[in-house]
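Sequences and hints are given; from them, build the entire structure.
What follows is the residue order along each chain.
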Amino acid sequence: MSDQPLIRARELTRVYRLGGGDVHALRGVDCDIAGGDYVAVMGASGSGKSTFMNMMGALDTPTSGELVIAGQSLLNRRPDELSKFRNETVGFVFQQFNLLPRTTALDNVALPLLYRGTSSKERRERAAACLEMVGLGERMDHHPSQLSGGQQQRVAIARALSNEPKILLADEPTGALDTKTSEDVMDIFDNLNASGITIILVTHEHDVGERAKRRITFRDGVIVEDTQ
Amino acid sequence: MMSPGAAVTVALTALRVNALRSFLAMLGVIIGVGAVIVMISVSQGARAAVEEQISALGANTLNVRPGSRNMGGRRGGAGSAQMLSDADAAALRDEVPYITAAAGFMSERSVTAVADGMNWSSELMGSHPDLFAIRGWTPAEGRFFDMTEFDGSARVAVIGRTVSRELFPAGGAVGAALRINGVPMEIIGVLEERGQSSWGQDQDDIIIIPTTTMRGRVSGMNWPGVRDPVQTITLQIDSARNMEAATAEVEEVLRIRRGISPGAEDNFSVVNFAEFLRARSETEQQLGLLLGITAAISLLVGGIGIMNIMLVSVTERTREIGLRLAIGARQGDVRNQFLVEAVVLCLTGGLMGLGLGIGAAYWVQSLEIFQVSVEPMIALVAIGAAAGVGIVFGFYPAHQASRLNPIDALRYE
Numbered sequence: 001m002s003d004q005p006l007i008r009a010r011e012l013t014r015v016y017r018l019g020g021g022d023v024h025a026l027r028g029v030d031c032d033i034a035g036g037d038y039v040a041v042m043g044a045s046g047s048g049k050s051t052f053m054n055m056m057g058a059l060d061t062p063t064s065g066e067l068v069i070a071g072q073s074l075l076n077r078r079p080d081e082l083s084k085f086r087n088e089t090v091g092f093v094f095q096q097f098n099l100l101p102r103t104t105a106l107d108n109v110a111l112p113l114l115y116r117g118t119s120s121k122e123r124r125e126r127a128a129a130c131l132e133m134v135g136l137g138e139r140m141d142h143h144p145s146q147l148s149g150g151q152q153q154r155v156a157i158a159r160a161l162s163n164e165p166k167i168l169l170a171d172e173p174t175g176a177l178d179t180k181t182s183e184d185v186m187d188i189f190d191n192l193n194a195s196g197i198t199i200i201l202v203t204h205e206h207d208v209g210e211r212a213k214r215r216i217t218f219r220d221g222v223i224v225e226d227t228q
Numbered sequence: 001m002m003s004p005g006a007a008v009t010v011a012l013t014a015l016r017v018n019a020l021r022s023f024l025a026m027l028g029v030i031i032g033v034g035a036v037i038v039m040i041s042v043s044q045g046a047r048a049a050v051e052e053q054i055s056a057l058g059a060n061t062l063n064v065r066p067g068s069r070n071m072g073g074r075r076g077g078a079g080s081a082q083m084l085s086d087a088d089a090a091a092l093r094d095e096v097p098y099i100t101a102a103a104g105f106m107s108e109r110s111v112t113a114v115a116d117g118m119n120w121s122s123e124l125m126g127s128h129p130d131l132f133a134i135r136g137w138t139p140a141e142g143r144f145f146d147m148t149e150f151d152g153s154a155r156v157a158v159i160g161r162t163v164s165r166e167l168f169p170a171g172g173a174v175g176a177a178l179r180i181n182g183v184p185m186e187i188i189g190v191l192e193e194r195g196q197s198s199w200g201q202d203q204d205d206i207i208i209i210p211t212t213t214m215r216g217r218v219s220g221m222n223w224p225g226v227r228d229p230v231q232t233i234t235l236q237i238d239s240a241r242n243m244e245a246a247t248a249e250v251e252e253v254l255r256i257r258r259g260i261s262p263g264a265e266d267n268f269s270v271v272n273f274a275e276f277l278r279a280r281s282e283t284e285q286q287l288g289l290l291l292g293i294t295a296a297i298s299l300l301v302g303g304i305g306i307m308n309i310m311l312v313s314v315t316e317r318t319r320e321i322g323l324r325l326a327i328g329a330r331q332g333d334v335r336n337q338f339l340v341e342a343v344v345l346c347l348t349g350g351l352m353g354l355g356l357g358i359g360a361a362y363w364v365q366s367l368e369i370f371q372v373s374v375e376p377m378i379a380l381v382a383i384g385a386a387a388g389v390g391i392v393f394g395f396y397p398a399h400q401a402s403r404l405n406p407i408d409a410l411r412y413e
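Keeping their order, the protein sequence lines are chains A and B.
The end of the first sequence is residue 228 by the numbering used here, with every number in the run present.
The end of the second sequence is residue 413 by the numbering used here, with every number in the run present.
Some hints could be false.
Claimed, not checked - Cβ-Cβ distance ranges computed for the label pairs, FRET-style:
hint, chain 1, residue 1, chain 2, residue 2, range
1, B, Tyr412, A, Gln72, 39 to 49 Å
2, A, Glu122, B, Gly332, 48 to 58 Å
3, A, Glu164, B, Arg21, 32 to 42 Å
4, B, Arg16, A, Asp184, 29 to 39 Å
5, A, Gln72, B, Glu375, 39 to 49 Å
6, A, Glu11, B, Leu27, 56 to 66 Å
7, B, Gly332, A, Gln4, 28 to 38 Å
8, A, Asp184, B, Ile383, 47 to 57 Å
9, B, Gly332, A, His24, 51 to 61 Å
10, A, Asp178, B, Leu27, 41 to 51 Å
11, B, Tyr412, A, Gly117, 26 to 36 Å
12, A, Glu11, B, Tyr412, 30 to 40 Å
13, A, Ser120, B, Thr294, 36 to 46 Å
Keep in mind that the hints were calculated from the coordinates and are not lab data.
C-beta atoms are modelled at their ideal positions from N, C-alpha and C, and glycine is treated no differently.
Structure follows, in structure tokens:
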């Protein structure tokens, strides 16, 4: 392990220029996240937590400040460089799953590998292994419409894992699930973190937040609480 | 980057998902490509018909007929003017330098031929032996008659394939006896099959005998004051360059021979039939151009349909695009995905249009108004036109898709 944290953010700001004036979504955020950490990002809507998450996933770039993830600075990068970075470094899990309809679970999971030019044989093998990992080895040929919400979210997790990311980013991963299914999904996250993957998840549910090793709370674009 | 094979698979999946909508979007391209196919087939058919007629006449030939070319008030029909004669043909051959061969001929629409107990009504042509060479005809069986037989009014006949088939179904026409309007002849040759003319006439339904034999023994055709009359003289000119000069000299020689005073109107006409046909073909090509513009407009409308459906598709699949960008698709990947989709859509439409167009072309042919020629090359035209429409009209929606911001796209409802 190097001394450098996996994620290093200094004085991060993000200003959206809208018609009615500037909106300051982040107003100077300092934050280090070590490899293998398990972080819950919390806060009311409009607090800046989503903007922070988008930056962790290189979907958005800071207006100013310093952001280094896995040794790469993410300031002033071209869209295609950010795409390549996302493909190699992070995996996303969304509240609404965002699976492609009328596409098999296997093909959904293999999608990130498609953009790496991985051969179709290897794509299938790796996607199958990821589906086994989330306990859906029996349902590889099912379409999302044939799966329950919990199963769909597990397919989405398998998709996020197929490119072997360093960081797993989950935005309200249990927001669309019932309590029992939420717990099953959170068990998967716990196991993944135990196996060494860094997890950052956004949630407003405290019992979900309790599972994390660290909780960061945002308000008005700054971190107001950071408990290990 | 995504591999091209994967891009096509992704595109095909997307199109299958919306099969009916994809088909409706393709309709414009199907009709456009179909129109292009019909347009090309008809105009190529017209050109082929002209070339066929020209080659049937023989290369570089002029036809001389009695009667004036202009539709002047005092002019009678071609038949009422003084006939041409074998002597005119000989004089032209001797006096006009560009002429390599001259042959007079005449024909009668309908004569009755009887052989072997069978009878058949056919066209009878009386001709100079040189006509065979000028027209480029060859015997399929036997031989053609020669100058000795011509000079001796020999009772010899060359028959076309149709006549041979009708009178001698079992074969063995050459050497057999034939009666034409009761006059006995010997069949010495059968013409090589020439098929239908472009105006649908059977060119093999013909019997050719020496002009001398026809005049003396069969039809008794004569003309007061003209020895050895013929209806038409066909002249072969040594080169296409000399056609005009030859025409002028032929006119001069004939005016003297026919005693036309200076300033008076010709009572004969020299027709460069090939030129006439080419002029008509130009008209047909202009018609083809008009059809071409119509086809281009159909393709344009088809292309706009494709662009419209692709824009709808991009909007509908905004979240999918956001997801793809999030998990590592580059702008080029997204652009190519939609471009390939548009091209696949157009190519599928193009192939359907090809089928439709060929079907329509054969239907037009069955109407027997135009000659139609469907060539294999046309498939390339269809594919090229369809792919072109796909790229041109698919580019804008694909570009729009590739420029989406992943965050906004993921949030799109």
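Distance restraint hint 41 to 51 Å, applied to the beta-carbon atoms of A:Asp178 and B:Leu27: Since A:Asp178 and B:Leu27 have Cβ atoms about 46 Å apart, the given range 41 to 51 Å holds.
Assessment of proposed distance window 39 to 49 Å (beta carbons of B:Tyr412, A:Gln72): Because 28 Å falls outside the window, the suggested range is violated.
Cβ separation of A:Asp184 and B:Ile383, checked against the hinted range 47 to 57 Å: For B:Ile383 against A:Asp184, whose Cβ atoms are near 52 Å apart, the range 47 to 57 Å holds.
Distance restraint evaluation - A:Gln72, B:Glu375, Cβ atoms, bounds 39 to 49 Å: violated, 58 Å
Satisfaction of the hinted span 36 to 46 Å by the C-beta atoms belonging to A:Ser120 and B:Thr294: Hint holds: Cβ distance 45 Å, inside 36 to 46 Å.
A:Gly117 and B:Tyr412 - C-beta distance against the hinted 26 to 36 Å: holds, 28 Å
Supplied distance hint 30 to 40 Å, evaluated on CB atoms of A:Glu11 and B:Tyr412: 31 Å Cβ-Cβ, so the 30 to 40 Å window holds.
Outcome of range test on Cβ distance (A:Glu122, B:Gly332; 48 to 58 Å): violated, 22 Å
Pairwise beta carbon distance, B:Arg16 to A:Asp184, judged against the given window 29 to 39 Å: holds, 34 Å
Whether the CB-CB distance between B:Gly332 and A:His24 falls inside 51 to 61 Å: Given about 34 Å between the Cβ atoms, the range is violated.
Outcome of range test on Cβ distance (A:Glu11, B:Leu27; 56 to 66 Å): Roughly 58 Å apart at Cβ, these two residues keep to the hinted range, so it holds.
Satisfaction of the hinted span 32 to 42 Å by the C-beta atoms belonging to A:Glu164 and B:Arg21: holds, 38 Å
In this structure, the earlier hints numbered 1, 2, 5, 9 are contradicted, and the remaining ones agree with it.
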